[in-house]
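Once you have looked at the hints, place chain P on chain R.
There are 2 protein chains.
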Amino acid sequence: MASKTDTQVATVYVRFKEGVLDPEGVTIQKSLAMMGYDKAKSVKTGKFFEIELSDGSTEAYRQLQEMSEKVLANPVIESFEIHWPSDSAVGK
Amino acid sequence: MASKTDTQVATVYVRFKEGVLDPEGVTIQKSLAMMGYDKAKSVKTGKFFEIELSDGSTEAYRQLQEMSEKVLANPVIESFEIHWPSDSAVGK
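So the protein sequences, as listed, match chains R and P. Take 127 as the starting number for the first sequence in the working numbering and just add one per residue. Take 127 as the starting number for the second sequence in the working numbering and just add one per residue.
Careful, some of the hints might be misleading.
One copy or two, either will do: identical chains are not told apart, so a pair holds if it fits within one copy or between any two.
When the alpha-carbon atoms are kept at most 20 Å apart in a straight line, the in silico SDA-like pairs for lysine to any residue are as follows [unchecked claim]:
1. LYS170 - GLY145
2. LYS170 - TYR139
3. LYS130 - GLU150
4. LYS143 - TYR187
5. LYS143 - GLN155
6. LYS167 - GLU150
7. LYS130 - VAL197
8. LYS173 - ARG141
9. LYS167 - SER205
10. LYS167 - LEU147
11. LYS156 - SER205
12. LYS196 - GLN155
13. LYS167 - GLU185
14. LYS170 - ASP181
15. LYS196 - ARG141
16. LYS130 - PHE206
17. LYS130 - MET161
18. LYS173 - GLU195
19. LYS196 - VAL140
20. LYS143 - THR184
21. LYS167 - ILE208
22. LYS173 - PRO149
23. LYS167 - TRP210
24. LYS173 - VAL140
25. LYS130 - LYS156
26. LYS130 - SER205
27. LYS130 - TRP210
Derived from the structure by calculation, the hints contain no laboratory data.
So that you can see chain R by itself, here it is in the shape it has in the complex (with noise of 0.2 Å):
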């Protein structure tokens, strides 16, 4: 079982605000139509970023909230969101 001094992965999961363009989605969307993939009717994209962190200490989520907002998302377009690892032990 993790423990706060375990090695932890967390997950931060960016993607663009809503209205914000997203030209590589439209185009994924627009390639598949023309192969043939006529049930996708768009496609968004994001980026995640598994980061594992060396203990689950307060300071540790402090730093992973902080690098997210400042480093991992462009605040300006994009939202993020952060999976701790408590979280994936409650969905599995």
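Below, chain P alone, put in the same frame as chain R:
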């Protein structure tokens, strides 16, 4: 409640296979360390695609599986994971 004739959104997660170099992740980790975020020991990058399917038919699912294999992921270096709408319902 979603039925088979409703539009559904599936998500395809694409990540590098084990052993494939992820230079973007390495660079981000180094930058984070230089910025003082010492808790982030490693960073792996990945991408995801939120695909709106016109319906939840077997054919739509077949197309999603095939486009993931042939278009969204590069099978030489990447693996993918599809989260069907039904999975999300289970997760919530």
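Now the hints, each set against the structure:
1. Within a single copy, LYS170 and GLY145 get their C-alpha atoms as close as 12 Å, which meets the 20 Å cut-off; across copies the closest is 28 Å, which misses it.
2. Both within a single protomer and between protomers do LYS170 and TYR139 lie at most 20 Å apart by alpha-carbon distance, with minima of 13 Å and 12 Å respectively.
3. Taking the shortest Cα distances, LYS130 and GLU150 never come within 20 Å of each other, neither inside one copy (39 Å) nor across copies (28 Å).
4. Taking the closest pair of Cα atoms, LYS143 and TYR187 never come within 20 Å of each other, the shortest separation being 24 Å inside a single copy and 27 Å across copies.
5. In this homomeric assembly, LYS143 and GLN155 come within 20 Å of each other (Cα to Cα) only inside a single copy, at 19 Å, whereas the closest approach across copies is 25 Å.
6. Proximity of LYS167 to GLU150 under the C-alpha cut-off of 20 Å is restricted to the intra-copy arrangement: shortest distance 14 Å within a copy versus 30 Å between copies.
7. Taking the shortest alpha-carbon separations for LYS130 and VAL197, neither the intra-copy value of 25 Å nor the inter-copy value of 40 Å comes in at or below 20 Å.
8. When the C-alpha separation of LYS173 and ARG141 is checked against a cutoff of 20 Å, the pair qualifies both within a copy, at 7 Å, and between copies, at 10 Å.
9. Taking CA atoms no more than 20 Å apart as the test, LYS167 paired with SER205 passes in neither setting, with 23 Å inside one copy and 23 Å between copies.
10. For the homomeric pair LYS167 and LEU147, the shortest alpha-carbon distance inside one copy (16 Å) is at most 20 Å, but the shortest distance between copies (33 Å) is not.
11. In the homo-oligomer, the alpha carbons of LYS156 and SER205 never lie at most 20 Å apart, since the shortest distance is 25 Å inside one protomer and 23 Å across protomers.
12. Taking the shortest Cα distances, LYS196 and GLN155 sit within 20 Å of each other only across copies (14 Å), while inside one copy they are farther apart (30 Å).
13. In this assembly of identical chains, the alpha carbons of LYS167 and GLU185 lie at most 20 Å apart only when taken from different copies (14 Å versus 43 Å within one copy).
14. In this homomeric assembly, LYS170 and ASP181 come within 20 Å of each other (Cα to Cα) only across copies, at 17 Å, whereas the closest approach inside a single copy is 33 Å.
15. Within a single copy, LYS196 and ARG141 get their C-alpha atoms as close as 15 Å, which meets the 20 Å cut-off; across copies the closest is 23 Å, which misses it.
16. Taking CA atoms no more than 20 Å apart as the test, LYS130 paired with PHE206 passes in neither setting, with 24 Å inside one copy and 30 Å between copies.
17. Within a single copy, LYS130 and MET161 get their C-alpha atoms no closer than 49 Å, and across copies no closer than 24 Å, so neither meets the 20 Å cut-off.
18. With identical chains, the CA atoms of LYS173 and GLU195 are at most 20 Å apart both within one copy (14 Å) and between copies (18 Å).
19. For the identical chains of this complex, LYS196 and VAL140 are intra-copy neighbours only, at 12 Å inside a copy versus 24 Å across copies, given an alpha-carbon limit of 20 Å.
20. Taking the closest pair of Cα atoms, LYS143 and THR184 never come within 20 Å of each other, the shortest separation being 28 Å inside a single copy and 31 Å across copies.
21. In the homo-oligomer, the alpha carbons of LYS167 and ILE208 lie at most 20 Å apart only across protomers (17 Å), although the nearest pairing inside one protomer, at 28 Å, exceeds that limit.
22. Taking the closest pair of Cα atoms, LYS173 and PRO149 come within 20 Å of each other both inside a single copy (15 Å) and across two copies (15 Å).
23. For the identical chains of this complex, LYS167 and TRP210 are inter-copy neighbours only, at 15 Å across copies versus 32 Å inside a copy, given an alpha-carbon limit of 20 Å.
24. In this homomeric assembly, LYS173 and VAL140 come within 20 Å of each other (Cα to Cα) both inside a single copy, at 5 Å, and across copies, at 9 Å.
25. Taking identical chains as interchangeable, the C-alpha atoms of LYS130 and LYS156 are never at most 20 Å apart, the minima being 47 Å within one chain and 24 Å between chains.
26. In this assembly of identical chains, LYS130 and SER205 lie within 20 Å of each other by CA distance neither inside one copy nor across copies; the values are 28 Å within and 30 Å between.
27. In this assembly of identical chains, LYS130 and TRP210 lie within 20 Å of each other by CA distance solely inside one copy; the values are 12 Å within and 33 Å between copies.
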